[in-house]
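S.K.: In order, the protein sequence lines correspond to chains A and B. According to my numbering, the first sequence holds residues 5 to 267 in order. According to my numbering, the second sequence holds residues 213 to 498 in order.
Check before you lean on any hint, since a few could be wrong.
[Claimed, not checked] Here are the simulated lysine-lysine pairs, DSSO-like style, with alpha carbons at most 30 Å apart: (1) 129/A x 227/A; (2) 310/B x 12/A; (3) 7/A x 310/B; (4) 12/A x 390/B; (5) 390/B x 7/A.
Just so you know, these hints were derived from the structure itself, not from any lab.
Read off the chains here:
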Amino acid sequence: MIKKYAQKIYIALIFIFMYAPIVTLIVLSFNASRTRAKWGGFTLKWYGALFANAEIMQALTNTLLIAFLSALIATLIGTVATLSINSMKRANRALFMSITNIPMLNAEIVTGISLMLLFLTLRAKFGFTTILLSHITFNIPYVILSVMPRMKQLNPSVYEAALDLGASKSQAFFRVVFPDLMPGILSGFLMAFTMSLDDFIITHFTKGPGVDTLSTKIYTEVKKGIKPEMYALSTLIFVTVLVLLLLVNHTPKPKEPKMPGRS
Amino acid sequence: MNKAAVKKPESIKISYFNQKLLTAPYLVWSAAFIVIPLCMIFYYGLTDKSGAFTLENVISIASAEHAKALWLSLLLSFVSTLICLLLAYPLAMILAQKNVSRQSFIVLIFILPMWMNFLLRTLAWQTLLEKTGVINSVLSFLHLPTLNIINTPGAIILGMVYNFLPFMVLPLYNSLTKIDPNVVNAAYDLGANAVQTFLRVILPLSVPGVISGITMVFVPALTTFVISNLLGGSKILLIGNVIEQEFTQASNWHLGSGLSIVLMVFILINMLLTAIFDKNGEGNAL
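Model the full structure from these sequences, guided by the hints.
M.R.: Here you go:
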């Protein structure tokens, strides 16, 4: 009995630790005083001011656009790469998986400066495109690592059965194999989107003057003091995602499509 | 086309489309944006401004200022990795027993906090830790001694533990859920008590998770420059700060690259350890 309570308390403490800063930020978004240090009463004015702040809105647009585009392109390249890696011979497969692991295991600062050096050497104009290319690069491994397990679970006989039953190769792939891969592809996309959204370090090294994502905007504001509108924006984003997650978890799941493959 | 399938029936592999066509995009992409950029760090790190070969940039790690930064980084990342391990192990054990759905657990501890910007979350610790901040108000209300760790290495360690704890919990949880409960029950049946079972059965079986958790925490902690900037009061320089400044302020890419090579040696040691202990790479999978 005591053990059970101790366990519950331990989990609760860890969650307080993880979520204390988040709660702090939400509270600060309602703080009428401009500084973080003082509580100046409850207000909603930052939520109004937020939408009038062109710079923040521009940074938000950049962030969402880069997250969406990089996740989409990474999902495409990553899924195709998984198909190819899956049917490789052992040595090639090991080589490709090691290359895939480099951006995951290497330090972000090293990945960031390596890409910065590449763009410098190519005399590329630092800006939206260089950020996008970098984000695609660090997103691809997340897609590969989330599609690969689904790929391994596939029963190849099902594909062969489709061929035997007269499906063309592409029909057999898109109507039999692809739907089985879909959950992995989808979670890879979401993972990539989230990673891109939260990235600061790699963006910091590959961005150009005048182009900001929310992260780099916040970083430049640190010294001057964060604008309270930023807290309001983060709160809105956080609450939106929370509500979406709750909705997804509480709507009864649609029945699994009748696929003979193992799930 | 299915020659492989005929030869090796135990691992049937199917090429769904033309293999070369499938391989090309990722091959080109990873060469251009992963392999070549890494080679460029080595090129810049091992040459001087005129392009001649030199080891000066790498050796400069031994200079007093750089060595101090590296030593402090190693120390702080070691301490925070240890704290992460000690905090995460019990949590992972509890969660593994409870059969919490893996998906909802990952979302709650990993994904959801990420939607609140990582810089803002770290900055929020400033508000919490300040002399007159939230935590100290609560402590003084309870007549407990107050905490003065903001702008000290202690605050940086806290920031590291906060940011990287999930990276430790997940691999531990993965390896603990893989332990066959029958093995644990057998240990009890054969007369082992709880402590013996833990030390001699559960702990050894979870080593891959421990190793992979250590790698996942140690590397980002060793190389961070953001956490030290935000919570260390910009007076404490870690090796990450030194490299970042060489690139963004001093524009000395050769020196910055040289120091990065040193950093990569540590990362490489870490990766090798992981490869030895975690052969299936299962700890890294999210």
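S.K.: Tell me, in ascending order, the numbers of any earlier hints that this structure violates.
M.R.: Of the numbered hints given earlier, the structure breaks none, since each of them holds.
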